[in-house]
Structure formats: C-alpha cells, structure tokens
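Trainee: All chains should be built: construct the whole structure from the sequences, respecting the hints.
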Amino acid sequence: MRAPFSGNPARYRRAAILISAYSVLSVYTAFALMKWLLQGDTWVFGWKPLLLVAVLIPLYARFCYRWIMRTDAQYGSGSRWQLIPAQVKLPEFDPHKHKANSP
Amino acid sequence: MIDILREWLGPWYLYIKFVHVTFVMVWVWSTAHAYAYFVVPVFKAWRRHPDDDAVIVLRDWVMERFDHGVIYEHVAYPIILITGPLLYIAGGWSTAADWLVLKLALVVLITLPIEVLDYHLSHFGGNKAKIRATGDSEKYEAAIHQHWYFLLYSSPMIMPAALLIIFLAITKTHF
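Each protein sequence line maps, in turn, to chains G and Z.
Residue 9 is where the first sequence starts when you use our numbering, and the numbers rise one by one after that.
Residue 38 is where the second sequence starts when you use our numbering, and the numbers rise one by one after that.
None of these hints come from the bench; they were simulated from the model.
Among these hints, one or two may not hold up.
[Stated by the list, open to error] Only part of the chain Z face toward chain G is listed, based on derived beta-carbon distances under 8 Å:
#1 Glu-44
#2 Thr-132
#3 Val-138
#4 Asn-164
For every residue, glycine included, the Cβ atom is placed at its ideal position computed from N, Cα and C.
Mentor: Laid out in structure tokens, this is it:
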C-alpha cells in the first residue's frame, strides 16, 4: 500500500506565503545592505523601495500559489491530457553493462 | 592582488563571458523541455489518478530519467559560479552597479540553496535509482513525494529568478 501524497491547497497556501516572504525580503535586505554598507547609498531605505517590497510580497505569494496549484493539477491546465492504455517496455540505464563493454 | 588578477584576466574578458553566458543558457534551459512535456504531465496524471499502477510505473521512470538528465544543468552551475567572479574581476565591476548587486543577491539567496538541494535529490541521497536498488519501496515512494514537493515549491522561485538574472545581465539596469 503506497502512502498518499500529502500536498493540499492549505499547505500550498502556507508554502507560497513563506516562499514569497523569504524571496522578497532576503533579496531586498541583501541588496539594501550591500548598497548601504559598500556604497553609502541610503535611497534603498526610502519609501519607494519599501512600498515595492510591501506590494510585491502578497502579489508574488498569489503568483506562487496559483503556479503550485496548477502544476499539481489541483486546477487549471492539464485537463487535455488523456490516459491512453498502452503496454510498453521502458528503457533503463544500466551502468554496470556500460562499464563491462568499455575497453 | 585583485589588481594583478584584473590585469591578467582583462584580455580574456570576452572569452570568459562566452563561457559564462553559454553555461547560463545550459543551466536555464537544459531541463525545460523534459520538465514541461514529460515530468509535469506525468505527475499531473498521477495526482489525478494516484492509484493507477500504469501511471505510477511511468511516473517512476520519468523521475529517474529526470534525475539523470539534470546532469547538464548541474555541470553548468559550478562553471557559472566560477566564471561569474572571474568576470567581476576582469571587467573591473564594483558594487556601484545596481544590476550586479541585485543579480548577486538572487544567485546566492535563491538559486544556490535550490541547486544544493537539487544536487542532493538528483544525484546523492535522494537519487531514485539508487533508492530503488535498495528494494525499500516505502523510502522510494517518500523520495518521489519529496522530489515532487521540491519541484512544486522551487519552480515558481527559480524560473522568474533565472529570467530576472538574464534580464539584469543584459540590460545592466541602474535604479
């Protein structure tokens, strides 16, 4: 009996928020600190960059959530793919055979 | 020290750039086709039909081939990490270049942790073919689930980040 996959929309929502917060905040913080400490730039702490960060976090979280949900077939594209029964032999890479044949 | 390196590497700038850009393209695009047209459709089929044995056989086969196929990407990435700093030195760049600082932050904070995890999942402890060889089916299934979580969570991060990195490198935007 195989264990069912534990992914679900609530988990994906939490993950999307974390991914967005980490990505935007860490990149902004690193960029701002490098510009401030190494170049003496203070514009990076102005209201415009901070507003951009504040707007970007929820927008990017929404983008990530929708991306994950679509990729995981929870909704959206993928419905055109059909399951057509077929019996095939799948090729498998055999590193031992490859070694044995090499000079 | 930096000045000596700059003087020595300076004449080679465009050659290093050629190597860097070529391997960035390999890193970004080498798995795109396999991901979009093999991994994702098969995993979507599995998520919609989780108990279909034929789909599971195909899922496992695709995942193992993908573990193998990302070798191109994972050979390219260290070459990018080596040639990037060489370009920084040879080109006389500094942190005054906004595009470069943002690109550096994206590479270190977004791509590097994802690639480290990807190396582990594809070639080392998480390699599905190696786990299959042990005969531990529960561990194999867990490894497939783990890799699917990784692809679900990393793809919306790495794809926009990679495109932004290329955009910044080409346009050299100043804020």
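Trainee: State the violated hints by number, sorted upward, taking the hints as numbered earlier in the document.
Mentor: 1, 4
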